[in-house]
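Letter by letter, the sequence shown follows residues 1 to 278 of the numbering used here.
Honestly, I wouldn't trust all of these hints.
[Claimed, not checked] In silico lysine to aspartate or glutamate, EDC-like type, Cα no more than 16 Å apart, as pairs:
no. : residue 1 : residue 2
1   : LYS160    : GLU208
2   : LYS187    : ASP147
3   : LYS187    : GLU141
4   : LYS187    : ASP123
[Unchecked claim] What follows is a set of in silico ranges between Cβ atoms, one per label pair, in the way DEER data are often shown:
no. : residue 1 : residue 2 : range
5   : HIS57     : ASP32     : 23 to 31 Å
6   : LEU235    : GLU165    : 36 to 44 Å
7   : PHE94     : THR161    : 31 to 39 Å
8   : THR3      : GLY274    : 38 to 46 Å
9   : ASN104    : ASP80     : 20 to 28 Å
10  : GLY2      : GLN40     : 18 to 26 Å
11  : ALA24     : MET170    : 18 to 26 Å
12  : GLY185    : ALA36     : 28 to 36 Å
13  : GLY2      : LEU256    : 23 to 31 Å
14  : HIS57     : GLU119    : 18 to 26 Å
15  : ALA162    : LEU56     : 44 to 52 Å
Hints are computed from structural coordinates only; laboratory data are not their basis.
Every residue, glycine too, gets a C-beta built ideally from N, C-alpha and C.
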Amino acid sequence: MGTLLMARGMASGACGMAWNIDRAEDVKTIHDAYRAAGSQLITTNSFGGSRFVLDLHGRAADVRALNLAAAQVARAAAGDDAWVLGDVGPCGDFLEPVGDLTENEVREAFRDQIEALLEGGADAILVETMSDPAEMVCGIEAALSCDPDIPVIGTYAFQKTANGEFRTMMGTPVAEAIQRAVDAGAKIVGANCGAALDLDDYVALCKEIAAAAGSAHVIIQPNAGAPRQVDGAALYLATPGEMAETATRLLDAGALIVGGCCGTTPAHLKAIAGALAC
């Protein structure tokens, strides 16, 4: 979403969520492109929608308005035959004892965001790109406090250690991270993004997640390959065909839901949908 907003003129570092109101048609056009490509799940433009992140843009007072609009725009694109995932990203700081934020503060901030996303028409809540299981739990608990029946998806960002293990930035191994999300009430768990992971890494990671997920379903949203620095910019160079082939391998590795994260365009999703006959 961020890449495509910037392609439409959004300045680097600007508040992308403001576009849900100021340039809603541009956001809907992006959603429409992913929907037309075959995506069955449409993610709201609300990754930085907590008051902590919006405060960095001077928009903390607009949590409800911006998240409500994010869900409404996505709902309009999804129609009646696709799901809208209310997107909840990290709060942007560390919880105690590493940082200053308390679990109650983070849970309350997530609840404010999620209430607006549900009011705007989200069908499920996606708590994503988490590195701290405690923050993941806050997000899941906040969602279920808004609606105990809402499906909650919890995905982490993993990286690969020098000895080849997958861990979050906080050093949490896969099995522990996934177990914490499942115990908190997530019905779907998995991974999105990931520091310098290539497509083969996502397949190996998927197998570990599936082994730890128990009765929960597995979702994997890989980046379009490991990023490469070109002229100071991170580029994701995996082709649509490579992403499509990886998607079939992810299903074989235990995933029920596959998609894409950084660098994944509608062309990538169209190839994935074709490979999976969606």
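Hints, verified against the model:
1. Straight-line distance between C-alpha atoms of LYS160 and GLU208 comes to about 13 Å, which keeps the hinted pair within the 16 Å bound.
2. Annotation: proposed proximity of LYS187 to ASP147 holds, straight-line Cα distance about 14 Å (limit 16 Å).
3. A C-alpha spacing of about 12 Å is found between LYS187 and GLU141, which places the hinted pair at or below 16 Å, so the restraint holds.
4. In summary, the hint linking LYS187 to ASP123 is supported, as the alpha carbons are separated by about 14 Å, within the 16 Å threshold.
5. Checking the proposed 23 to 31 Å range against HIS57 and ASP32 shows it holds: the Cβ atoms sit about 26 Å from each other.
6. In this structure the hint that LEU235 and GLU165 lie 36 to 44 Å apart at CB is violated, the actual value being about 27 Å.
7. Checked against the hint of 31 to 39 Å, the pair PHE94 and THR161 fails, with Cβ atoms roughly 20 Å apart.
8. Between THR3 and GLY274 the Cβ separation comes to about 22 Å, which falls outside the hinted range of 38 to 46 Å.
9. ASN104 and ASP80 have their C-beta atoms about 38 Å apart, which leaves the hinted 20 to 28 Å range violated.
10. Between GLY2 and GLN40 the C-beta distance comes to about 22 Å, which sits within the given range of 18 to 26 Å.
11. For the pair ALA24 and MET170, the supplied restraint of 18 to 26 Å is violated, since their beta-carbon distance comes to about 36 Å.
12. Between GLY185 and ALA36 the C-beta distance comes to about 33 Å, which sits within the given range of 28 to 36 Å.
13. Between GLY2 and LEU256 the Cβ separation comes to about 26 Å, which falls inside the hinted range of 23 to 31 Å.
14. Separated by about 22 Å at the C-beta atoms, HIS57 and GLU119 satisfy the suggested range of 18 to 26 Å.
15. In this structure, ALA162 and LEU56 break the distance hint of 44 to 52 Å, their C-beta atoms being roughly 33 Å apart.
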